[in-house]
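Protein chains in written order, with numbering that gives the first Met the number 0: chain A, 0 to 273; chain B, 0 to 262; chain C, 0 to 442; chain D, 0 to 192; chain E, 0 to 700.
Treat the hints as calculated values from the structure; they're not laboratory data.
All values reported here derive from a predicted model rather than from experimental measurement.
There may be inaccurate statements among the hints.
Stated by the list, open to error - Over the 10 Å line for every Cβ pair with chain D, so calculated as not near, a few chain E residues:
hint, residue
1, SER16
2, GLN38
3, LEU249
4, ARG308
5, ASP478
6, SER534
7, GLY639
8, ASN644
Unchecked claim - With a straight-line cut-off of 20 Å between C-alpha atoms, the simulated EDC-like cross-links for lysine to aspartate or glutamate are:
hint, chain 1, residue 1, chain 2, residue 2
9, C, LYS247, C, GLU405
10, C, LYS174, A, GLU82
11, B, LYS41, E, GLU606
12, C, LYS164, A, GLU48
13, B, LYS235, E, ASP252
14, E, LYS236, B, ASP17
15, E, LYS471, D, GLU97
Unchecked claim - Now the in silico label distances, taken between C-beta atoms and shown as ranges:
hint, chain 1, residue 1, chain 2, residue 2, range
16, E, SER33, A, ALA28, 18 to 26 Å
17, A, TYR5, D, SER162, 16 to 24 Å
18, C, LEU367, A, ALA29, 23 to 31 Å
19, A, ILE33, C, LYS2, 31 to 39 Å
20, C, LYS2, A, SER159, 30 to 38 Å
21, D, LYS124, A, ARG36, 52 to 60 Å
Heads up, the beta-carbon is just placed ideally off N, CA and C, and yes, glycines get one too.
So you can see what is in the structure, the chains are spelled out below.
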Amino acid sequence: MVPWVYEFHWTAFHVTFLLIFFTVFVTVAATIIIALRRTQQDEQQHRMESIQWHSDFEDLAPAMKVCRHELNGDVQHRVCDNEFDCRSCTLHPVFSARKKKGSLLQYEVYGFSMPPYRLYHRGHTWVQQEDDGTFKVGIDDFGSRIIGRPHSIELPPIGSHLSVNGRGILVRRSDSTIRLLSPIDGEVIGHGNSEKGWYLKVRADNPERATTHLLKAEEVPNWILREMERLQFSFATSGVGATLADGGELVPDFHKHFPKADWDSVLGQMFLEA
Amino acid sequence: MDTTVEKKYKFGMVINLDKCNGCGACAVACAIENNVPPAVQKMNKRNGLTWLTISTVSNNEQYPQSETVFVPMFCQQCEKETPCMTVCPQNAVDVDPTTGIVGQVPQRCLGCRYCMTACPYHARYFNWWDPEWTDGMKQQLNPDVAPRMRGVVEKCNFCHSRLHSAKDKAATLGNREINPADYIPACVESCPNKAITFGDLNDTTAPITSLASNSNSFRFLSRLGTEPKVYYHSKKHWVRAMAEKAQTRSRQADGIAEEEFHG
Amino acid sequence: MDKLLIPRGLQRTTFEKFLLWIIPWLALLAVGAYAIYLCLAEGLFHTNMDNRFAFGIWIFLDLTVIALGAGAFFTGFLLYILRRKELKAVINSAVVIGLICYSGAVLVLMVDVGQPLRAWFTFWHPNTHSMLTEVTFCLTCYLIVLLIEYVPIVLKNRQLRQIPKFLVFEFELHKLMPVFAGIGTFLSFFHQGSLGGLFGVLRGRPFAFREELGIWPSTFFLFVISAAAAGPSFVMLTTTLVEKITRKRLVKDEVYRFLGKVSGCMLIIYVLLKSIDTLIWINSTSPGNGFPAFEFYATQSFGTWILFTEIVVLGLIPALVLLSSRLRQNKRYLFGAGFLVCSGIMLNRFVMTIQTLALPTLPFDNFLTYAPSWEEVAAFAFVIAYGVILYSLTFRYSVIFPQERELGQTNGELSMREFAQSRSVFKQPKFVTRLIDTFSSTK
Amino acid sequence: MKPYLVLIAGILFGAIIGWFAFPAILYHSSDQPLHFSHNTHTGESGGMACTDCHTTNETGRFQGIPSVIKCAECHASPIGESVSEKQLVEHYITPNVEIPWLVYSRQPDNAYFPHAAHVTLGKMKCEDCHGPHGSSDTLRIHYTNRISGYSRDVWGANISGFSSNRWEGMKMDKCVRCHGDNNRRDGCVSCHK
Amino acid sequence: MLKSITRRDLLKFTGGSIIGLMFSPLPWKLLDDSAIWTQNWSLTPKLAHGPITSVFTHCTLCPAGCAMKALCVSGMPFSLTGVPFHPLTHGSLCVRGLAGHHMAYHPLRIVHPHTFSGKSEESSMSAISLKRALDAIAGHMKSTTGTIAILDRQPNRAISELYRSFLQQTERGLYLTSPSREESTLDAIKEMVKPSPGPLGYDFENTSLIISFGAPLLDGWGTPGRMNAIRNSQRAKIVQIDCRYSRTALQSDQWIAIAPGTERLVALSIASVLEEEHFIAQRIRQSITNIRQFSSMIGQFSPEKTAARTGIQPSVLRMLTRELASVNSAIVLSGADPGGGPFDIETERTIAAINLLLGSVGKNGGIVSRKNIPGYQSEFTPIHWSNIPDHSIDTLIVDGADSGYAIPWRLIEQKLTNTSSMVVSLSPVLDQISVHSDYLLPSPAHLESLQDQVANIDAKTATFSLSIPLLKKNENTIDPVDVLRELSARLNVVLEIPTEEELLKNKVAQIHSGQRGILFTYSDGSSTSIRELSSADDLWTALTTGAIWIDDEIHQLPPRSVTMALSAEQPKDSKEEPLQMIASGWRGAVCASQISPILSKVFQETELRHVNGIVSINPETASQLGVTNDSPMTLSTKNGSAAVNVKIDTTVRPGIVDAAIGPNLNGTETPAHPVGNTLLNLCDVTNDGTWRITPAQILKV
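Chain A on its own, in the form it takes in the complex:
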């Protein structure tokens, strides 16, 4: 094994063999150490949330990663490869620059209240710019209905920093806990509640680019349609698909109506959490 232990032979074969072994050993050990070191660095440089989102995004099925430009008809078919962050997407400016035909601004989309003055995040939160330049953040109608009445809502403390696709609001309902992705970068400056209709007040880091990546009104109908479809699928895979076929009015609390559904799975899928 080592030269100072008897039966070590100074022959080319023996030495080469052991050198190869030690090289392998050292490489494996070094790689692990590098991985650990990088983990530590990520922690120090607050990359944890983005990595978490990265991991979640990676686990999404391609059907769940439809590009917003497919939703607004800019492109026939495209799967997002930039983790729903249009700000750093190379193609987003290209697509956005194309001339768009105007579309009807709806307050109600398939029965959901989706005011056009709000910008929507794929994780069912919305952002609304206030006059003072700050942003209000809330849960959209679709999201509220599938969450129903939560047991608790945990908001990030005032003064804490949010980052896009990082953890925003933590919602607990029965046995499932769901994190809503933050739609915006910035510092939390105020807390709202369900009565107020919004949950967070945020001072954006970069107000100009703060909303680039959020869905605009014209993209919402197709998006909601897809989301309904997804909801449908997730119900189908939860074994209660047939009950949806009953039709009728949309109810304020899906949760309550379909207690048999695997809500944990449904919520996870709808709020993009693996």
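Assemble chains B, C, D and E onto chain A, guided by the hints.
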């Protein structure tokens, strides 16, 4: 400190099969000498511990023409490409450079038995059981041979402890070279018919050397090229034919070996 | 509680049903554990091995299992080094199977050596000329590599990923995976080869002995290539078996076809080299050692049909099937051929180990037979049970098949369409139908 | 500052355990059955040589510690005043019972050490391996390793395994080193039995 | 202070400790020690340390009494070897003798008097005090009127004389020896000649042709070392007439395979050729009292007439006879297979007659006379077992010494009274006979007591040596002399019984006063005349430290008058049985006593010899029976059946089942469950006291 070059021995054996009557004294003497435990109930020919085993070989003729020869088989102390030595993963087997004896250190052995699959003579034995002696017999073990434990391989080493004693005796007299009469393995000593000749194949004057090169002497599986140091001898044609069944084309290889021998 | 461990969006059976599935395996595991205890605590006489059959069924199964586990390294090699992204669908499965195969093989090895506590002496006083030393070193290192590769799969469990450090470590480790894939390939090359060399170097066993190419006997290379051929086939077979058992689609068909193609390519090379090797052995190596090769096949049940079966029936035929893109389209042919490949490799390992030991070397010796004892079978059953349990747990609580979510949803497609055509909550059913059409046409 | 101190404290703690507590636990100590002074025998008053008692038999075998018969050659009845001699005569010589000495240099059963080859041929002195044992006044406490069962002298009194005394330690490493230095070519069974 | 310790601190401290430990010897020393621990397996025994000494002694396991050199560590023997250049054994020691030192520690060794309740196989054994046992035995002897018999299988020892005296004193005593006697030919000769020639022996060294009828001549017969030397010197041609391819047949110069049970016919045929071709010398014809009757009778047995039954080509026998007649000196002898049992008296006489016809008796190179050992009684005439009336023995004492030959319990049982018999065994181990005993008074084991070793049957001169104990005698064992003394006292038999040592010292004194012969010393191989020894004590000292007394050779005289009392009876034309079982065994290992467990190397692990339960058959027979090699079958005779394992062996005669009378596998027998040889029990003991051939069947299990 002493740096004299040691004498290079090449210990070997010639077994005269015509003299062997299959009494088994060699096997028993070997077991007693080397602290090989007696069999437990389930031991048989295939899983027993016999550093020296004896096979009964028939000429396959019908009664009363049928004839039998007994072939003692034990470690053949292969000189070249020693099959068991090269395969041992942790150097528990080696060929002593000064004696040509293939040594086995059971305390190093992990019991993988790779050497046993490598040995063409099946001359290696595994301790499938814990060794068992009665309490009294435990006190009668040879103090010169360490008993082995379950789960390791063991084999003949030409009664190496007797070489130790011979060397010890020589050293007391200030000699480096042993007196050949002091080193006689137990099987050789116990053979009632003196069928086994033991000695140094490097010593051209020793009786073994001429016996080994006798035309009626042969080695098993000599074509494998491992240069075993145990020779067999028989005047019976069918015995030689049996032994050479698998080495009809091995004459050439043998010829080379013999030349080396005399040179 | 159990539910919270299951990855979201994956359909898993109820915990009760899962228990019903696991309990028989646990029972088998217990029986195996008892057999292992007997062998370790009382001695190897519990096996039916003997001095002539010094290696028993375990060497055959170990060699087979390691050849079949080669999918882990070969898939990793193709995915991370040659960048065949489609294999991402099966890499996790290949890693888990590899881990099971290798850890199982090592476990069985430790049971079947006489003094396992001394096994580490090999590292301290290695005889570098021994194939077993190479095997020991590489197997140990590779097992570590496999464990490292397995870590990310575990860390992605729904609860473990909640701990940010784990997830980040998984992420960073995953980025470095090509390093491990490379090392794994390197190590696998050596130990698969050394396992071939294990018997190929046995000068005293002319049935197995092969001439050396460089420092290794030809079986070294044959084993590497045959393992590379068997690995993908085995991944293919196990995956489809898991699909059958779970009644789910887990992997896209093109992945299967790709695995089949890879297997076929490697196999045809193997068959070619094996044929050349066999011819050299029959005409030169074996008679050179004093053993006319056909004498080895004189025992009726171990006749030349074995050679024919090994090279043609279980070699050439599946290779040709897998290489034909038309036949590959047919799943029956694809999996059938895959099965033949694995059987062929099993047969090869059987011949190299068991037949070698059974054949006599001394002229007065006989062909030997050997039947494993229940303890030997149970020790191996332990490995199988352990493998099934580990795979089941990993499958249930981690994501082995990344395509499962997606394929699970396309499975739901049909009912969705039916639903869409009937009464709907949606106000514009036609529109929905069209959307779904678009959606499905993108597949 | 503080986390640093904790780490150092830990290191110190570990080192103390390893260097001092561990050796104390590792060995089991036992006294020899009888007081014996080598010096009395080999010193000026006795004037004996090591080989007068530690003999080699006619076949060259080193006989180790002599039997009571050897003692009886001089001590058939007490020749001095000492208590231990009286014990020797009463408990061992008269009933002809062997003294259960604890051997400091006892090697395991599978080690073979030929004294003749080392002393007669190799011209080594007793002190080279046994140190000043022959001129000691008392017999040391005998330490047995609780794990391996070996006498402590096999490893050496110094737990680190290094010692400035040449005779300390009788591990195989030492045999191999000396044999290597002297260009001896050995097989395993040359020194293992 | 303590409050401020966080988990992180603890972790740090632990981590630091680990680093600290890594820089201490602890992990490395632990690794080293545990490595050593794994190398020292706790179940391996520790070797003895101590001075090595060598001691000469003699083996008592069989009558041969071979000289041995024992190596001892701290006085405990660990190795036995023959004594090189020994004039009688030529340095060889048989397999059984090599492992003799184990016998005292045999797993079936009994070290305390025991009694058996019930005589069935489920008998249970319980310890009993010596006094109670002796009282019970003596009480039984007093209360019954039947014969008191002692079975002594080494009948030439000093203790044998005491046995005979004891029996004589009881006035209803019967002295028995082993039914298979190696000296059977000599016994028959003594019966046929006048005057009595005294003790006879064989002068193999000077003979040219040895014809052996079934005797295991080269497989432990007589003094094995001597027979090996005879064979290896190749001075004499050895012809084996045997139905088995025995080890002797294997090593002989010529093997004549005959049909089983036809030895008498073959011998008669040889005699007829001698007569027909006028090979009988005139001088010899004149000494034969009934020569006319003999000539007329022998004509019926010419080789041509017997060929159909013996299965020998007539020419073969004629050639052999011519050779026999042409050589200077020849010996024809018979012998029992150690397992297969003796020949009947008629066969023995016929074989003996050939020697007389050839004039081999009383001639150098033939059958020679030797003197009695000074101090020992002259020869006794043993009773042939067929002459013992059935159901006549009330008390049987079986001495522990072994002849090496089997005795079926069936034979002994036949002679015991049905109801009230008592068997007392003095065997130190449980064996085939002692398990049937009512009382077991174990004598000291081999090498535990001082014993005499006198000339063996084959010896051409008298010899005397001592077996020196190497092992400490177990205190609970009892010397046979003490048994005799105690019984004499209880039975009011007037007999002075000395201790073993006194007995032997007395013999040595008489040898010394005989002033004959030489003393051969083992340590240096030198010989001294007895006359040069000043006192009997010197002789005693010499004999106890490794020496043998060898008598002078005497001048041979041919017998003056010979009576050829040969039966002319033609064998019955019995229906040929399809399968005949013959028993065969190896001298010393036929369960009449135990062998060292290490002999598994011969029986179990190499199959050189077969253990109990193995039968061998010819491939032809096997195919007729539809039996394959190594298959478990049932062997059945009219005496019962036993489980057997069939081996197919080309050397076995077709139609024969060669049943191994061997020991059991190690560990199958325990003191609580002795097995013995199950096949020996199946043998048919016929009226002539033999059990050579038994009709048998092999059946599927």
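Hints, verified against the model:
The claim that E/SER16 is not at the interface with chain D is violated, since a C-beta of that chain comes within 10 Å of its own (minimum 4 Å). A Cβ of chain D approaches the Cβ of E/GLN38 within 10 Å, the least distance being about 8 Å, so the stated non-interface status is violated. E/LEU249, annotated as away from the interface, keeps every beta carbon of chain D farther than 10 Å; the closest lies near 36 Å. Separation of E/ARG308 from chain D is adequate, the least Cβ-Cβ distance of about 60 Å exceeding the 10 Å criterion.
The Cβ of E/ASP478 lies farther than 10 Å from every Cβ of chain D, with a closest approach of about 25 Å, so its non-interface assignment holds. Every beta carbon of chain D lies more than 10 Å from that of E/SER534, the smallest distance being close to 28 Å; the non-interface claim holds. Consistency note on E/GLY639: stated as away from chain D, and its beta-carbon is indeed over 10 Å from all of that chain's, at 50 Å minimum. Look at E/ASN644: its CB is around 39 Å from the nearest CB on chain D, clear of 10 Å, so calling it non-interface holds up.
A C-alpha spacing of about 11 Å is found between C/LYS247 and C/GLU405, which places the hinted pair at or below 20 Å, so the restraint holds. For a cut-off of 20 Å, the pair hint linking C/LYS174 to A/GLU82 stands: about 17 Å separates their Cα positions. This hinted pair checks out: B/LYS41 and E/GLU606 have alpha carbons roughly 14 Å apart, not beyond 20 Å. Distance check on the hinted pair: C/LYS164 and A/GLU48 sit about 11 Å apart at the alpha-carbon level, within 20 Å; holds.
Between B/LYS235 and E/ASP252 the CA atoms are separated by roughly 13 Å; this keeps the pair inside 20 Å, and the hint holds. Straight-line distance between C-alpha atoms of E/LYS236 and B/ASP17 comes to about 16 Å, which keeps the hinted pair within the 20 Å bound. A threshold of 20 Å between alpha carbons decides the hint, and for E/LYS471 with D/GLU97 the separation of about 17 Å falls inside it, so the pair holds. In this structure the hint that E/SER33 and A/ALA28 lie 18 to 26 Å apart at CB holds, the actual value being about 24 Å.
Checked against the hint of 16 to 24 Å, the pair A/TYR5 and D/SER162 passes, with Cβ atoms roughly 19 Å apart. Here the CB-CB span from C/LEU367 to A/ALA29 is close to 49 Å, at odds with the stated 23 to 31 Å. Between A/ILE33 and C/LYS2 the C-beta distance comes to about 36 Å, which sits within the given range of 31 to 39 Å. Look at C/LYS2 against A/SER159: about 31 Å separates their beta carbons, and that is inside 30 to 38 Å.
For D/LYS124 and A/ARG36, the Cβ-Cβ distance of about 57 Å falls inside the hinted range of 52 to 60 Å, so the restraint holds.
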